[in-house]
Every structure is written in C-alpha cells, then in structure tokens.
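Asks: Starting from the known structure of chain A, fit chain B onto it as the hints suggest.
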Amino acid sequence: MLRNLMMAASVACAAAALAAARAEEPTVPLKDAPGHEVVESDCAACHSLDYIRTNSPFMTGKVWEAEVTKMITVFGAPIDAPDAKTIIDYLARNYGSP
Amino acid sequence: MGSAIALGASGLLARAAGAAEKVPLVSGLPSGVYDTATLDALPGKKALIKLSYRPPNYETPASYFASPITPNDAFFVRYHLTDIPAAIDVNSWTLRVGGDGATGALEFGMRDLQSGFEQVELAAVCQCSGNRRGLSDPHVPGVQWGVGAMGNAVWKGVRLKDVLAKAGLRKEAVEIVLDGADGPVLDKTPDFVKSIPLWKALDENTLIAFAMNGQPLPHFNGFPARLIVPGWTATYWMKHLTSIMVATKPFDGFWVKSAYRIPTGKFPVAQHFQTQVTEINEPITEMVVNSLIAAPAEGHKLHAGQSVEVQGVAWDGGYGIRRVEVTSDGGESWREAHLGKDYGRFAFRPWSFRFAAAKPGRYKILAKASNVIGQTQAETLIFNPAGYHNNVMRPLTVTVA
Chain A
15 MLRNLMMAAS VACAAAALAA ARAEEPTVPL KDAPGHEVVE SDCAACHSLD YIRTNSPFMT
75 GKVWEAEVTK MITVFGAPID APDAKTIIDY LARNYGSP
Chain B
7 MGSAIALGAS GLLARAAGAA EKVPLVSGLP SGVYDTATLD ALPGKKALIK LSYRPPNYET
67 PASYFASPIT PNDAFFVRYH LTDIPAAIDV NSWTLRVGGD GATGALEFGM RDLQSGFEQV
127 ELAAVCQCSG NRRGLSDPHV PGVQWGVGAM GNAVWKGVRL KDVLAKAGLR KEAVEIVLDG
187 ADGPVLDKTP DFVKSIPLWK ALDENTLIAF AMNGQPLPHF NGFPARLIVP GWTATYWMKH
247 LTSIMVATKP FDGFWVKSAY RIPTGKFPVA QHFQTQVTEI NEPITEMVVN SLIAAPAEGH
307 KLHAGQSVEV QGVAWDGGYG IRRVEVTSDG GESWREAHLG KDYGRFAFRP WSFRFAAAKP
367 GRYKILAKAS NVIGQTQAET LIFNPAGYHN NVMRPLTVTV A
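Taken in sequence, the protein lines are chains A and B. Remember, my numbering sits 14 above the position in the first sequence when you count from 1. Remember, my numbering sits 6 above the position in the second sequence when you count from 1.
Careful: at least some of the hints might be erroneous.
As the list claims (entries may be wrong) - Computed from the model, here is a short list of chain A residues facing chain B with C-beta under 10 Å:
id, residue
1, E39
2, P40
3, V42
4, A58
5, H61
6, S62
7, I66
8, T68
9, P71
10, M73
11, W78
12, A80
13, F89
14, G90
15, A91
16, P92
As the list claims (entries may be wrong) - To spell it out: a stretch of chain B is covered by chain A in this simulated footprint if at least three of its residues, at any positions, have a beta carbon under 8 Å from a beta carbon of chain A; those stretches are:
id, stretch
17, 144-152
18, 194-206
To be verified - Partial list, derived from the structure: chain A residues whose beta carbon lies under 8 Å from chain B:
id, residue
19, D64
20, R67
21, N69
22, S70
23, V77
24, V88
Since the hints were derived computationally from the structure, they do not count as laboratory data. In this text, a Cβ means the ideal position worked out from N, Cα and C, and glycines have one as well.
Chain A extracted, bound-state conformation:
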C-alpha cells in the first residue's frame, strides 16, 4: 500500500509538471462520498477526472469494474486490490446506473 502510494505520488508529480507545462488544469470536482480521496489520487495520476463525469451515469457497477480493471491490467495503473475495490464501489454508487 505504502509503495503504491509512493508510486502514485511520483506519478502525480510528473503529471502535475506536465499539466503546468500546458497551462493550469482546473480541478474537476467529484462527488464527496466515501472513497472520494482514493479516486482523486489514483485516477487523476494519469487523467483528468472529467473522464469519470462525462462517462456517467450510464455505466453499471460491472462496467465500471471492467474499466478500472483495464486501467490496471492494460494501462499499468499502480493500484492495489483494496484501492481498486474502493474505486469501483465509489464509481458504481456515485457515477453508475443500477
């Protein structure tokens, strides 16, 4: 977990540097609910959070799970299993459809 957090932090720094090079990137707020911080730190390391909001609310929990799994297995996101579960639950509850 600690290792993952450190990796996420270094990725976040690299991403922040890139964002600064482009221009300031406005914050895209997400719903304040359990799991919110994990989603913000893990997902925003690689992409802005408007990806989540625009892809809502049509995705079921299963589809969100497939998306998060793809981020980890295909795109190599350094997210451990407990964090992945937190993210999937948060997205399904707050940005999903039944």
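Replies: Frame of chain A, contents of chain B only:
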C-alpha cells in the same frame, strides 16, 4: 510557488468567465457530459468543446462545419496519453525510417522532406474513429464525442511511398509501424503506436504532412509532421511523427491488436487491414458515408412563407459523394440538395438546401448522403462496443410560426 498559485488563480477566473457561455452540445449525449463539458481554449486554439483536460480531448462546435474547410485554430484535438511535448523544435526534429522490412535506415530533417521530395497537396477529412460515440444507444464507455471530432483541411507534405523508397523495401514487408513524440506518463502504459498495411502506405495519397491550410501544423494537431491517411479514420494519422518502421510481421501492440476494432463483417467497408483481421474483430479502416447539418442552429424559428438555407457537409471513405437528399416530412418525400464546390473525393463536400414551409409547425429536417459506390447513411445504429462508425441520420428541428 507563490507566482504559480497566482497564475493558477487568474487562469481560473478567466475560465470561470468563459463558462457562462453556453456549450454548444448536441442532444443525445450521456447526461454527465452536459454538466461537465466546457468551452475552453488550448494554447493556439479558439475555445472548443472540452471533454477532457488531460489528455486534451476537444471537439469542434458544429457551426464551424457550415464551411467546408475547418480552420486550424478550431480543428479538434484528440490524445490518448498525457506525456505530450510542450513544444517541439523543428530544427532539431528528425524522422527515423527503417525497420527489419527496410533495406536501409535513414533519418530525415524537415529540410530534407521539403527539398528532397515532390511536394503534394490534398484536401482530406480527418475524423476520429469515435466521432459520435456519445450518441451511441445504449451509451458505451470512452470519450463521449458529439459530432465535432472531425475536420477537413488542405494538407501539404510528401508521399510516404517516396520516403519509403529512399529507405528501400524488402519483399517480406507487410506493415508500416508509426510512432509519435507523445507517450504515456507510466512506463507500463502501452505507447500510442499504430501500423498500416503496406499497400495503404504505398497509396499515392498517403502523406507525411507538415502544413495544414497553408500554415505549419498546429502543435495540438501534430506539429511538426503527421501522417495523412485519406479515407481512413484519424487513429492512423499519427501526430508528432518520429519514426516509421517497415515490419515483416503484423504489429502486435495494444493500439492495433486490441483497440480500434470493429466486429468483423458488421460494417459495409471495402478496405480491410488484412494482416490484422480475426474471426471476431478487425481494425477500423475507411470512414462510412455520412453527413452533418451545420446551419441553421437546432430550434431555428421562421415565419410561414419565409425560407432558410440549410447547410452542411457530406463525406465518406474516399469514393466521393454522389448526392445528398433532404426530407422535412419524415421521409415521405426526399429532395436533392445542391452540392457545392468539389475539393476532391477525400474532402468534405459542402451542400445546401433552401427550406420553406407554408404551414406553421415543427419540422424535422433530415439529410442523407450517398456515395459513388452506392452506399448511403444508416437509418438505425449498427451497434458496436466502441461506438464507431455512427452514420445515423440526425434530425434538425425548425419551428415555423
């Protein structure tokens, strides 16, 4: 740090002021798009419809398509990965050409391209494979594009086949592998690398372009050079080109092997990427015939007896548009629109139609394009999991009072 915060704050104020302007989104998108998309300007660009900041995905508002040539500063922007060079120095930029299917390995600078090869100009539509994904029914995950992930420009460059000839091709060559300067922020994320069949690379219309509408390419459209694959979707139009490798085996990278695929045999396309076809799916290739109504705006009002010029564009995979028909009575009667200037078979074909109604009411105007090989737009969606090839006719509502 203090100055960075100050800059950020003023930037936010500027953006907040811009947010008051209504975002010209089409109907039918996921509801999350309507409370998230903003009008935002990337450096060197006009305010476009921002779907995501990082990577930047910005679409062109539909009103721009009332003109058949899309301005450089309004041309859509699409990236997969976020490590995008802030700037590229054209004087130190080099393009590597080689690979196991080539007899030699060479490097070209911009001056080499501009002085050592025949210079070619052509107009062609650059359309994201996922244009209109946001209109899929049911919705599918991905960038939720409306109708503006496309544009038409006059590209200038050199033929890919001429550059490949300098390097020399071995008879075992099957595909050409393309890479650009942008990449992922994580080492484990597959870099955006694409391949095209050798026969498509040798097509005289496939170009390495360094100019667009008479100007150098905008940074966010691939400066200083990008590939132009007329007729095929933009996924193959590699931006910020750095390397062109001739391969003797089918390329097996993620962005060709797994992404940008359509169910095999489901769409009426003539050109296939044969070395990558499986029983289940195949790479997306040529664009399907399509059209867009760009003017007037949705909900336009006019008086009985008054008329309005309905304008738009039509395009296909490079066969050429034969006709555009328009109906305002739900398809009972169709009338041919006037076709405007022909910029070539790969370009937008402008069209116009004068609409007038004697009786008050709400009229739904539909346009239907057909190409010279007899293909026409779909009446109902051909669903596919990635939301590609959506060429369903889209109604424009006009109110006559």
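Asks: Give a verdict on every hint.
Replies: Cross-check of the supplied hints:
At a threshold of 10 Å, the smallest CB-CB gap from E39 of chain A to chain B is about 5 Å, leaving the interface hint in force. Because the smallest distance between the Cβ of P40 of chain A and any Cβ of chain B comes to about 6 Å, under 10 Å, the interface hint for this residue holds. Hint on V42 of chain A holds. Least Cβ distance to chain B is approximately 7 Å, under the 10 Å limit. Among the interface hints, the one on A58 of chain A holds; its C-beta lies about 8 Å from the nearest C-beta in chain B, closer than the 10 Å criterion.
For H61 of chain A, the suggested interface contact is upheld, since its CB lies about 6 Å from the closest CB of chain B, less than 10 Å. Taken as an interface hint, S62 of chain A checks out: its beta carbon lies about 4 Å from the nearest beta carbon of chain B, inside 10 Å. Taking 10 Å as the C-beta cut-off, the interface hint given for I66 of chain A holds, the closest approach to chain B being about 8 Å. Satisfaction of the interface hint for T68 of chain A is found here, the shortest Cβ-Cβ separation to chain B being roughly 5 Å, below the 10 Å cut-off.
Taking 10 Å as the C-beta cut-off, the interface hint given for P71 of chain A holds, the closest approach to chain B being about 6 Å. The beta carbon of M73 of chain A is positioned within 10 Å of a beta carbon in chain B (closest approach about 6 Å), and the interface hint is therefore held. Because the beta carbon of W78 of chain A sits about 9 Å from the nearest beta carbon in chain B, less than 10 Å, this interface hint is met. Annotation: A80 of chain A was flagged as interfacial toward chain B, and the flag holds, the nearest CB pair being 8 Å apart, inside 10 Å.
For F89 of chain A, the suggested interface contact is upheld, since its CB lies about 5 Å from the closest CB of chain B, less than 10 Å. Taken as an interface hint, G90 of chain A checks out: its beta carbon lies about 2 Å from the nearest beta carbon of chain B, inside 10 Å. Look at A91 of chain A: its Cβ gets to within about 7 Å of chain B, closer than 10 Å, so that hint holds up. Because the smallest distance between the Cβ of P92 of chain A and any Cβ of chain B comes to about 7 Å, under 10 Å, the interface hint for this residue holds.
With 6 residues carrying a beta carbon less than 8 Å from a beta carbon of chain A, the stretch 144-152 of chain B meets the three-residue requirement, and the given coverage holds. For the stretch 194-206 of chain B, the assignment as covered by chain A holds, since 3 residues bring a beta-carbon within under 8 Å of that chain's beta-carbons and 3 suffice. Hint status for D64 of chain A relative to chain B: holds, with the closest Cβ pair at about 5 Å, below 8 Å. Because the smallest distance between the Cβ of R67 of chain A and any Cβ of chain B comes to about 4 Å, under 8 Å, the interface hint for this residue holds.
Annotation: interface hint on N69 of chain A holds; nearest CB of chain B at approximately 6 Å, less than 8 Å. At its closest, the beta carbon of S70 of chain A sits 4 Å from a beta carbon of chain B; the interface hint therefore holds under the 8 Å criterion. Hint status for V77 of chain A: holds, given a least beta-carbon distance of 7 Å to chain B, under 8 Å. Contact between V88 of chain A and chain B, as hinted, is supported at the beta carbon level, the nearest pair being about 7 Å apart and thus within 8 Å.
The structure agrees with every numbered hint stated previously.
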